[in-house]
Amino acid sequence: MVQAINVSKIFGDVVAVADVSFSIGPGVTALLGPNGAGKSTLFRMLCGLTPPSRGQVAILGSDARHDREVRGRIGLVGQEEGLFDRLSARRFVEIAAATHGMVDPARVAAEVLAEVEIDPDDPKPVGAYSKGMRQRVKVATGLVNDPDVLVLDEPLAGLDPVQRRRMITLFHRLGDEGRCVLVSSHVLDEVARIGSRVLVIAQGRLTAAGDYRALRNMMDDRPHRIRLLVDNPRALAARLIAGGTAMAVRVEGESVVADTLDVDRFGRSVAPLARDAGVRLREVVPLDDDLESVFRYLVERR
Amino acid sequence: MTGVVVPRRERHPVGVVATFVITYRVFLRQIVTRSRLVALGVLGGLVILVGWAVGVSGPTTKHPEPLTRGVDLTINLGLTVVVPVVALVFAAGVLGDAREDGTLVYLWLRPLRRWPLALGAYFSALTVIAPLTIIPVVVSAALIDNSSDLVVAALLASAVAVVGYTGLFVLLGTLLRRSIVWGLAYIIIWEDIASGLGRVAARLSIRGYAGSVLTDQTGVVVDSFDLSRSWGIIVPLVVAVVAVALTSLRLDRVDVA
Chain P
1 MVQAINVSKI FGDVVAVADV SFSIGPGVTA LLGPNGAGKS TLFRMLCGLT PPSRGQVAIL
61 GSDARHDREV RGRIGLVGQE EGLFDRLSAR RFVEIAAATH GMVDPARVAA EVLAEVEIDP
121 DDPKPVGAYS KGMRQRVKVA TGLVNDPDVL VLDEPLAGLD PVQRRRMITL FHRLGDEGRC
181 VLVSSHVLDE VARIGSRVLV IAQGRLTAAG DYRALRNMMD DRPHRIRLLV DNPRALAARL
241 IAGGTAMAVR VEGESVVADT LDVDRFGRSV APLARDAGVR LREVVPLDDD LESVFRYLVE
301 RR
Chain Z
303 MTGVVVPRRE RHPVGVVATF VITYRVFLRQ IVTRSRLVAL GVLGGLVILV GWAVGVSGPT
363 TKHPEPLTRG VDLTINLGLT VVVPVVALVF AAGVLGDARE DGTLVYLWLR PLRRWPLALG
423 AYFSALTVIA PLTIIPVVVS AALIDNSSDL VVAALLASAV AVVGYTGLFV LLGTLLRRSI
483 VWGLAYIIIW EDIASGLGRV AARLSIRGYA GSVLTDQTGV VVDSFDLSRS WGIIVPLVVA
543 VVAVALTSLR LDRVDVA
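Going down the list, the protein sequences come from chains P and Z. Okay, so the first sequence: first residue is 1 according to this note's numbering, each after it adds one. Okay, so the second sequence: first residue is 303 according to this note's numbering, each after it adds one.
Since the hints were derived computationally from the structure, they do not count as laboratory data. Each residue gets a CB set at the ideal place from its N, CA and C atoms; glycine is no exception. Take these hints with a grain of salt, some might be off.
[Said to hold, decoys possible] Examples of chain P residues toward chain Z, derived with CB under 7 Å:
{"no.": "1", "residue": "Thr50"}
{"no.": "2", "residue": "Arg68"}
{"no.": "3", "residue": "Arg71"}
{"no.": "4", "residue": "Glu80"}
{"no.": "5", "residue": "Gly101"}
All chains, please: the whole structure from these sequences, using the hints.
Encoded structure:
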């Protein structure tokens with residue numbers, strides 16, 4: 001549904017996006033990258049707001065910059081703060097619905113505002129809203145046209161934890177309905193909750209794409225770190241080293257922290273080793289099987 | 303990914319008239335701010351005050367007749383300052399401000415044709431600019447000489463200037479950032495100084511054509527402004543049409559924040 005082929009964007013001497021290619025289908029995909037990595041520029045190119053300097057972008061097989069029909073099937077929640085500040089939320093979203101040709105824009109506006117938990121009858125202008133409320137109004141404008149592709153640039157910024165959770169639930173529901181939902185964030189724990197499918201971008205380059213747990217397993221040159229909670233850590237540590245199951249171990253209180261390059265073999269061996277050593281194994285916890293580790297590795301190479 | 307079939311909301315293509323009406327209303331609402339209205343309303347009030355002061359001052363050696371004093375003031379204050387400056391502030395802001403503050407995306411990323419959007423922007427600016435400029439210029443002229451010739455001439459000339467300048471500055475707002483600064487430079491250097499220096503320069507300025515309408519209607523001779531009334535009306539109209547067309551093309555190519 002969304003495709004980028006060797007896309008680059010250059011502003012003067014600055015390469016904002018460099019030779020990025022990917023293709024994504026229905027469901028929720030998170031675009032992860034630090035601030036200034038090129039996420040917003042990539043989104044702007046996908047939606048046709050700015051043309052790529054090189055390469056091609058396509059949404060639903062077409063370039064939104066030149067295809068009016070495709071523009072009607074996109075919902076964009078941009079990062080910019082600007083809204084029609086003197087309008088009420090209902091009027092603002094109603095205009096969005098009218099410009100998409102929705103039948104009965106007032107009803108559609110009320111429905112999508114209710115979806116993001118904004119009172120459609122609130123007469124206050126959106127200029128008087130808090131950042132979180134403005135953010136939700138922006139999401140509502142992105143939903144008015146029942147988009148096939150929904151592009152959200154840092155949509156959780158300014159939301160409180162409860163609103164974030166509800167918004168993420170909404171994204172998942174939209175993804176389950178067969179829409180392509182592309183969400184950017186620089187906050188790792190947000191991305192981990194948004195979806196396991198990630199595109200990682202750093203310094204304008206796409207450094208990885210796929211399920212982040214699968215990405216972690218592909219990092220063969222980096223040992224996996226696992227914590228084992230046991231009643232006799234020294235005994236188990238000795239067995240792990242002697243058997244070559246772990247390349248390094250550290251004893252921390254009642255835990256053994258082990259590094260291994262072959263996590264599958266480690267998983268198969270650790271229980272028999274503990275049994276043979278007479279050690280009671282209480283808990284096995286992977287320490288770097290989270291998105292942060294993947295991100296740190298991909299972006300910072302550490 | 304398994305897709306759940308969800309009924310989609312009904313929609314229809316957005317027609318040209320609907321696009322025009324929506325964008326006209328949105329832009330009109332956006333450009334009319336209290337501070338702009340007050341500042342430019344004060345400017346209009348000053349023009350009326352100057353007209354009254356000149357009217358009660360009586361003849362001068364340079365302008366013994368009220369009619370020539372009225373033409374002089376209309377050209378040098380109305381057509382040189384009031385109309386272009388007010389037109390610049392509102393017309394350059396209509397799409398320029400939307401581009402700068404990021405709200406253009408709410409109309410740009412839509413299944414809308416560009417030309418009715420450009421037309422909506424143009425007419426929203428015209429709706430504000432026309433009363434803020436034409437009324438003070440005409441009242442000021444009437445305070446100097448209430449003969450129907452000068453009043454009609456001031457009305458026609460300022461209307462022609464409003465039509466031309468509005469088109470030009472709406473386009474400018476989509477072409478350049480800091481369009482107010484560039485627009486002021488254009489008004490001072492070209493429309494004010496250059497157009498008064500010769501016939502060719504006058505024919506390349508809106509003021510030259512509006513001034514010609516004024517002189518043709520009143521019969522007062524002013525160097526450089528010697529075109530017929532028809533040309534004085536037609537050329538600014540053509541400028542406005544071409545400017546809206548170019549604005550529409552520009553909207554297709556513009557980078558949206």
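Tell me, which hint numbers fail for this structure?
Hint check: nothing fails, all pass.
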